[in-house]
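Protein chains in written order, with full-length UniProt numbering: chain P, 1 to 286; chain A, 1 to 245.
Quick caveat, the hints were computed from the structure, so don't treat them as lab data. Idealized CB from N, CA, C, for every residue including glycine. Don't take each hint at face value.
[Said to hold, decoys possible] Just so you have them, the derived chain A footprint on chain P, three or more residues with Cβ under 8 Å:
hint : region
1    : 44-57
2    : 64-77
3    : 176-190
4    : 206-215
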Amino acid sequence: MAYTIEVEGLTKAFGDTRVLEGLDLQVDAGEVFALLGPNGAGKTTTVRILTTLLAPDGGTARVAGHDVVNDPNAVRAAISLTAQEAAVDGILTGAENLRMMARLRGVKPGVADELLDRFDLADAADRRVDSYSGGMRRRLDLAMSLVVRPQVLFLDEPTTGLDPRSRRAVWDAVQTLASEGVTVLLTTQYLEEADRLAQRIAVIDGGRVIAQGTAAELKARVASETLEIHFADKPAQRVPVNAPDDVRRALEQHPDAERIELHRPSLDDVFFALTGASSEIAEPVR
Amino acid sequence: MTASLTFVGRSLRHSVRSVDALLTAILLPVAILLMFVYVFGGAIDAGGRYVDYVVPGIIVLCVGFGAASTAVAVALDMTTGVIDRFRTLPIASSAVLTGHVTASVARNVVSTSLVIGVALIAGFRPEVDPLRWLAAAALLLCLMTAISWVAAAFGLFAKTVEGANAMTFIAAFAPYVSSGFVPADSMPAGLSWIAEHQPVTPIVDSVRALLMGTPVGNSLWIAFAWCAAGIVLGRVASSRLFRQS
Ligand SMILES: Nc1ncnc2c1ncn2[C@@H]1O[C@H](COP(=O)(O)OP(=O)(O)OP(=O)(O)O)[C@@H](O)[C@H]1O
Ligand SMILES: [Mg+2]
Numbered sequence: 001m002a003y004t005i006e007v008e009g010l011t012k013a014f015g016d017t018r019v020l021e022g023l024d025l026q027v028d029a030g031e032v033f034a035l036l037g038p039n040g041a042g043k044t045t046t047v048r049i050l051t052t053l054l055a056p057d058g059g060t061a062r063v064a065g066h067d068v069v070n071d072p073n074a075v076r077a078a079i080s081l082t083a084q085e086a087a088v089d090g091i092l093t094g095a096e097n098l099r100m101m102a103r104l105r106g107v108k109p110g111v112a113d114e115l116l117d118r119f120d121l122a123d124a125a126d127r128r129v130d131s132y133s134g135g136m137r138r139r140l141d142l143a144m145s146l147v148v149r150p151q152v153l154f155l156d157e158p159t160t161g162l163d164p165r166s167r168r169a170v171w172d173a174v175q176t177l178a179s180e181g182v183t184v185l186l187t188t189q190y191l192e193e194a195d196r197l198a199q200r201i202a203v204i205d206g207g208r209v210i211a212q213g214t215a216a217e218l219k220a221r222v223a224s225e226t227l228e229i230h231f232a233d234k235p236a237q238r239v240p241v242n243a244p245d246d247v248r249r250a251l252e253q254h255p256d257a258e259r260i261e262l263h264r265p266s267l268d269d270v271f272f273a274l275t276g277a278s279s280e281i282a283e284p285v286r
Numbered sequence: 001m002t003a004s005l006t007f008v009g010r011s012l013r014h015s016v017r018s019v020d021a022l023l024t025a026i027l028l029p030v031a032i033l034l035m036f037v038y039v040f041g042g043a044i045d046a047g048g049r050y051v052d053y054v055v056p057g058i059i060v061l062c063v064g065f066g067a068a069s070t071a072v073a074v075a076l077d078m079t080t081g082v083i084d085r086f087r088t089l090p091i092a093s094s095a096v097l098t099g100h101v102t103a104s105v106a107r108n109v110v111s112t113s114l115v116i117g118v119a120l121i122a123g124f125r126p127e128v129d130p131l132r133w134l135a136a137a138a139l140l141l142c143l144m145t146a147i148s149w150v151a152a153a154f155g156l157f158a159k160t161v162e163g164a165n166a167m168t169f170i171a172a173f174a175p176y177v178s179s180g181f182v183p184a185d186s187m188p189a190g191l192s193w194i195a196e197h198q199p200v201t202p203i204v205d206s207v208r209a210l211l212m213g214t215p216v217g218n219s220l221w222i223a224f225a226w227c228a229a230g231i232v233l234g235r236v237a238s239s240r241l242f243r244q245s
């Protein structure tokens, strides 16, 4: 079966900066797929190429069955993008922004009211977007991407700068869309977000995919669970837990244990293990 | 088509809500008119009443100046994130620009009407002939559209607001080296050659002849040809630049 997003050997350089050096990706229909990577890894560049905003230097990319270079209009008809920078019109009101998008997408302007309610913007509907807070802009931005239900939705750091409640609203929206069969490609700095939303995750660094799989697979790959054994009279000990028997054996060996803790590797551990060294070199401050 | 209309609505809203820019666009031309008629008017001899000679020039100056401000508006708009959203839509690439150009023409119609109204109060006495007025209005509309498209392309090319401002300067000064304010043959040889061959002169001459009831001659066709060329070039160039940037 053909993939909904299929990327092969994608390369892109800005002058001397080589950003993508042969990126490969395959995303299935209806899947929520997360791109992880340190600042400057090329996540936004990848999203911009896949959404026809930027021409790649080499390689191929197909979205919803259409080549992004040769058939950009067919790709555009199938996608929606919420970019890293909020793409809203500050001079218009929230309601006007949504009605404008509805008209451009050829749907009834009535969806505007629905979306305003859904993203908790009804009270601010008739205010100019210039006066919105960062979180409100972000929510409007997402609402503008959902005027029609796209076949493929691209979300570049959709929850950066949102408070926990708004973040939850965005997560709910993504999960609802996913359950309706929308394919979602999202980038994020919050590993919890990837863990919670995405079926599969690709870690990119140095312009390539360096690891790919489900959250569980990635965690299993870089670290095992560890058992931390605390004692009343001596320093704590850590033992790796790889098999079901390991915990029992550790306890038998340390009958004087006072307290035990089981540590699961988090996606953060995965992230640091995979990208730690290179991210320090790439972009130390930001 | 729907997309273009939607963007026309967007740009008109932008125009009306940028109060400073709107006041400048409408009042500056009136100020220029008053300055020429009352401050310089007494000192310039153009044969006949100077107000009748200069008002067509002022009208063209105002149209040029107002339409050229489209370059700044477009450059400014391109810096906002919402443009990327439009670029990912399956719509004609020039639709956003059609909005800018149409709003620019609308602003110019308002300011030009105001200039003509004030000119009448200040003593401008044109011919009353509906056909000639209609022809003059058509030519001015073409001129607004042409300069607006060229300005849109310029604004995309310049990328920054500061760069785009250069267009406003060109449009504000080109009319001075034309028959707009003083007869071209009163200038030194080099300048008068430029004045006679640049597009502003046939346009001003046509507007003046149409409004004052003198013979129009070839200049009207030359004027329309320049405008048509501007519209085609501006449109093609700006569509290209819009997708590239
Ligand atoms: N238009 C451009 N011109 C020059 N360099 C660019 C351009 N766009 C991106 N870059 C460079 O490409 C690299 C990758 O940028 P990109 O925005 O894709 O990273 P990212 O993974 O999205 O990072 P972040 O997590 O900070 O958003 C960076 O080094 C950036 O400076
Ligand atoms: Mg980014």
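How the hints compare with the structure:
With 3 residues carrying a beta carbon less than 8 Å from a beta carbon of chain A, the region 44-57 of chain P meets the three-residue requirement, and the given coverage holds. Here the region 64-77 of chain P counts 4 residues with a CB under 8 Å from a CB of chain A, which clears the bar of 3, and the coverage holds. Counting residues of the region 176-190 of chain P whose CB lies closer than 8 Å to any CB of chain A gives 0, which falls below the minimum of 3, so the coverage claim is violated. Coverage of the region 206-215 of chain P by chain A is violated [criterion: at least 3 residues with CB-CB distance below 8 Å; count 0].
In summary, the numbered hints that this structure violates are 3, 4.
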